[in-house]
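As given, the protein sequences belong to chains R and X, one line each in that order.
For the first sequence, position 109 matches number 109 in the working numbering, and the numbering has no gaps at all.
For the second sequence, position 244 matches number 244 in the working numbering, and the numbering has no gaps at all.
No lab work stands behind these hints, which were simulated from the structure alone.
Be a bit skeptical, because a hint or two may be false.
Said to hold, decoys possible - Pairwise CB distance ranges, derived in the manner of DEER restraints:
1) Arg-80/X / Leu-182/R: 38 to 44 Å
2) Asn-98/X / Leu-182/R: 43 to 49 Å
3) Asp-166/X / Val-287/R: 20 to 26 Å
Unchecked claim - Some chain R residues near chain X, calculated using beta-carbon distances under 7 Å:
4) Gly-40
5) Pro-293
6) Arg-296
7) Glu-303
8) Gly-312
9) Ile-313
10) Ala-421
11) Lys-426
12) Leu-432
The structure displayed is predicted, hence computed values, not measured ones.
We put the beta carbon where it would ideally sit given N, CA and C, even for glycine.
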Amino acid sequence: MAARTEHSVAASFKDAAIAAVIALALFGPLVGLRTEVTTGGLFLSQRWGDVAIAVAVVFVGRLLLNVFVFKTDRPATNLFSGMKLSAGALARIGPVFGPLMLGLALTLPFILLYGAPSQSRYYIDLGILVLTYVMLGWGLNIVVGMAGLLDLGYVAFYAVGAYSYALLAINFGWSFWLCLPLAGVLAGLWGITLGFPVLRLRGDYLAIVTLAFGEIIRIVLLNWYEFTGGPNGLNNIPRPSFFGLEFDRSPEGFAATFGLEFAAIHRIIFLYYLILALALLTAFVTVRVRRLPVGRAWEALREDEIACRSLGINTTTTKLTAFAMGAMFGGFAGSFFATRQGFISPESFTFIESAVILAIVVLGGLGSQIGVVIAAIVLIGGFEIFRDFAEYRMLVFGLAMVLIMVWRPRGLISTRKPTIALGKAKAIGGELVGEGRG
Amino acid sequence: MTRWTKDPVLTVEHLTMRFGGLVAVNDLTFQAGRGDITALIGPNGAGKTTVFNCITGFYKPTEGRLTARHADGRTYLLERMPDHAISGEAKVARTFQNIRLFGGMTLLENLMVAQHGPLMRASLFGIGGLFGIGSYRRAERAAIDKARYWLDRVGLLARADDPAADLPYGAQRRLEIARAMCTGPELLCLDEPAAGLNPRESAELNELLLYIRREQATSLLLIEHDMSVVMEISDHVVVLDYGVKISDGEPEAVRNDPKVIAAYLGVDDDEVEAVEHEVEEVEREVAR
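Here chain R stands alone, though its shape is the one from the complex (with noise of 0.2 Å):
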């Protein structure tokens, strides 16, 4: 097929030169063309240099793109589609996966604390700041992933835990263990107030309305101050005890009491615990709750809202409770980051923590817990090893969440297991799962 090539070589260079001709046209006046302002008025700077290699630029990659990809029977792009994942592949390495993770959070404090003794600090507070994250972005699938109601404003319920166990242990000098369930219970409580107007709204328009709800709890705590601390926050939050031990220098602390060396590591060690305990409740619950009633109803709700009604279903309430569930462990999160600070502020609970939560759940697989645990790990990670490139790695996050949802636009765990089966339970393909209008 000599012939074949030599033409397309020829076509090649003839788009490219249209190509060229193009950005010519475009950069000439853009680019060659510069009004600088002057003592005595404007004066026009010519620059026929860079236009010259902008143009270059451009007929050179057009001319690449031709003859590698555009005009040749096997494209080079082809190379990296067998890059791609199977959906198999993933369900394959899922049920290792779990329990190998699994593993590796419980054991971590100590492979850190023999393996890195000078680093363990960062690196278990960074295990923390992950496992919040995956809490939260448990929390969330329940509102999003299985119920497909989209909530932009689950930060909200995350301030509302927050404050309850900050103002209650202040206020009343209750103990965290106390105010936990409290600060879940009210946050719940929140969930249900918000979800009562704005459940009849659905998709864009119960988006809209949470993402509301979200600024305005941020706006009544910065503006309350008699009650809150305004922009000033919350201080001197108590800090946990382990079940009645403080951790501190005094003979009845934990230290003391186990006959170990005081060291401030004993708290991070136990706050780690304590949040990969709470997160684990998060994936007990929901794994438990998917194979109730209410459950099936919720993910029968994300698939059709309509035929629900006809067989039963009382939508509203059915709504109500995934809204309050997924509120209930939000505020749990909420009391554990305050007593873990020791310091809150309204400043916490930006719109951009609501929007890095949603990004946990949507990357890792509306519905998918273990999903939810690597999108977590990547995001929140990632965040933190780009930390001294601060000013690039928005950038970055924009280009791999877009590369992520351009390889699997259902996030990186798309299926779905069935909840209940009369042989084997065989995965459901995430183009068959309905995604869920509100």
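Using the hints provided, position chain X relative to the given structure of chain R.
Showing chain X alone in chain R's frame:
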């Protein structure tokens, strides 16, 4: 006094539904008898689906009363109930003209969702189920058995663990009927169940509907376009045209009603008599 007025499972009285200035259903009154297959027929746009949506609570009727009466004598005023209670309490189930299955869920899951009400109560609204109480486990087993029974009945037991969206069209129709039957309805409303089915699937459907009437305590109300299906299986036919009832009776009587023929063939009112005459002639020929 006909059979359906003696023991009606559904009584529709003076049902009127207006959308702005459009009167979709106008002063419709009919009964559906217990244990009957009642067919609601009429040309396109006659208001059949509107009637269905009123009965199943998807629309609130502008005027009129809809009463469902159970075999034990309890009555429910459907126009006052929210849609989920019509299925859950009044036991009036429905299927949709454009099939509405939970595509990403397996066949078994579809049928489990249909048994939401009883399972929800058995799981003490989720709380008992979370701790795995015995009564919930028993209820779940019973629900699985019921689902298995209906899957077997519609010939889809082998595909119980496949996603519903993977099924061919005819099987999806049957699954939707099985799902509605899993709610344990007194009255099952089917919106064009034979639409898009080939003759063999259509025959299977007829068999399924006749089975439901014969073996289950469920009466059927169906909208149908295909006259052959209607005439073959229904016991009672109600004909709508422009939202008004134009005929009501046994299939044979309705088939020969000149008003029905006029509505289906599109004849002016003053030509009705001529058509009536023609029909008589045709009948005489058939008799010969």
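* Go through the numbered hints given earlier and state which of them the structure violates, listing their numbers in rising order. => Those not satisfied come down to hint 4.
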